[in-house]
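**Q** Construct the entire structure; sequences and hints are all you get.
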Amino acid sequence: MPMIRRIGILLALCLLSSTANANLTIEITRGSDRALPIGVVPFEQASNASEDVAQIIQDDLERSGYFEPLERDAMFEQPTRADDVAFGPWRSLDVRYLVVGNVDETADGVEVTAALMDISGQRRMLTERVTTQKDDLRSAAHYLSDQIFEAITDIRGAFSTRIAYVTANGVGDDIQFALHVADSDGRNSQEILSSDQPILSPAWSPDGEKLAYVSFESGRPAIYVQQVTSGQRVELTSFEGINSAPSWSPDGRRLAMSLSKDGQPEIYIMNLADRSLTRITNNSSIDTEPSWAPDGRSLLFTSDRSGGPQIYRHSLTGQETQRLTFTGNYNARGRFSPDGDAIFLIHRTDSGYQVARQDLSSDRLVVLSDSSQDESPSVAPNGTMVIFATQRGGSGVLSAVSADGRSSFRLPSPQGDVREPAWSPFMD
Amino acid sequence: MQIKSMVRLFAVAFSISIIAGCSSTGGTQGSDVSGSQQGSGSDSGSSASGASTSGVSGTGQSGSTSGSGSSAGQQADSRIPSARTIYFDFDRDRIKSEFESVVMAHARYLRSNPSAQVTLHGHTDERGTREYNLALGERRANAVQRFLNIQGVSNSQMSVVSYGEERPAARGSDESAYSQNRRVVFDY
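Just so you know, the sequences run in chain order F and W. If you're matching positions, the first sequence starts at 1 in the numbering used here and goes up one per residue. If you're matching positions, the second sequence starts at 1 in the numbering used here and goes up one per residue.
No lab work stands behind these hints, which were simulated from the structure alone. Some hints here could point you the wrong way.
[Claimed, not checked] Which chain W residues stay away from chain F? Per the calculated CB distances, all over 12 Å, these:
(1) Asp89
(2) Ser101
(3) Ser115
(4) Gly128
(5) Tyr132
(6) Asn133
(7) Gln157
(8) Tyr163
(9) Glu166
[What the hints assert, rightly or not] Which residues of chain F face chain W? A partial, calculated answer using Cβ under 7 Å:
(10) Ala245
(11) Ser260
(12) Ile346
Positions of the beta carbon are idealized from the N, C-alpha and C atoms, including for glycine.
**A** Laid out in structure tokens, this is it:
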């Protein structure tokens, strides 16, 4: 099964095959003080292999904020098979877990085997074997990272997911915009749309196969839905005024959006089967940035009906609307955590616009980021990280912070502004 | 050859008659409306806007017959005003008094050129969320549209597109850049 899926991904990449090597590279900006020490020993693999599998796994685990990997030159030996691991010496290095593995070439590809060892418990926790194509080692490595992460934390790994984002180069009337998708570590980036008009608000369908977004390519904002692999797309709405902020229902059959066709921006839900619209809000204020609850029974949205932007929750079952945010005078673009217990949002503080989390049981709001021009928070499907756009050195960059604020990393772009990140759902 | 030019002549004559027909009915309706407007304007007294309305319709007529002989102010109404951007305060959509003359100049131009079309581009600075800023930009452009409409410009001559923070005029994250980016642009 994983084999078939990997071939599918490979084909998709061939179809897209835009060459631009504009990969984002990760910089860890804050490590968690609770990170678990782990050693990822270099795998036994051909010296001319295209990718260092152990390094990819190590980077995945470090980026999550849950782990603090041991430096390679601190490894007194580099076993590649579970049976060769001597627990005692690793224990004296304070290593809690050890990952060992090897990559074997087969007739029609490669086979990657990895084992996760619990050093203090002196036992093997996991053995995984992945069959894949020779040039798709990164996917295999991310898959192994997912298994290792889940075995230790009991949380499903989200390293095999993808991110969509928008780049902008230029100024004034001469800006070139592009929509990209990349692996969750910023690699394998593919441009799937480019335009000299703005592109914003990419949103993944729940099956991870489509992106809805807003494009001004017709001279006005319109909502499009594009198949990520084939590039095939449709213009979904092009009403007079604003067509913006598409958000998929968890079942993928409806799209919430903000339309100003009746005078001012209001929240609507479109049934995708027949494109019928249901109007959700009705007042003279701005209502925008809708986002579905994971159970599909309510919507978050931003409204300035109280004077400034605040986040509201509209129950689709009871048709009631309730204000959720009361801390500060600017709270916008709320997104639920996957368990529905918290929301992530942009909150204005004395230092600027920052990513914050509000727990819905206590209504306590906690600022997570230490930057000041944050936008567009998007939550990883396992709820552990939030990716967002911010500014650094005069350019837009993507940054991510753990849901508890303890660790963070940045994905600077080689050139131009990077913005509007959208973290994909689990791809299965 | 002869037939061809005959056909062309006929076509031209026919289209002229259509244009004339359209403009004559349009003109009749237009003069009815402007007549009643002028009437109510003079009823309510000599308000500045009433005076400029009648002045504009005069300019349009004289401009079509002969370009010379009109005053400099009247001549200006046949050209798109050169100032095409107005600026806003942070998080506000109120037209500042210093820019009212700019908007008034566009009102005069649009009234005297009923076939002219303008798109009002609303923009914000980069602070805050993108989708909310799209809404703020639209609010600014709508405020200008309402102002123009009150000044007698037909809504059919105006459309609004908000770009939010997507098309900054100036780069940078300081007030000088921000103040150049919070704007509405008159795009003809």
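**Q** Checked against the structure, which of the hints given earlier come out wrong?
**A** Hints 4, 5, 6, 8, 9 contradicted; others consistent.
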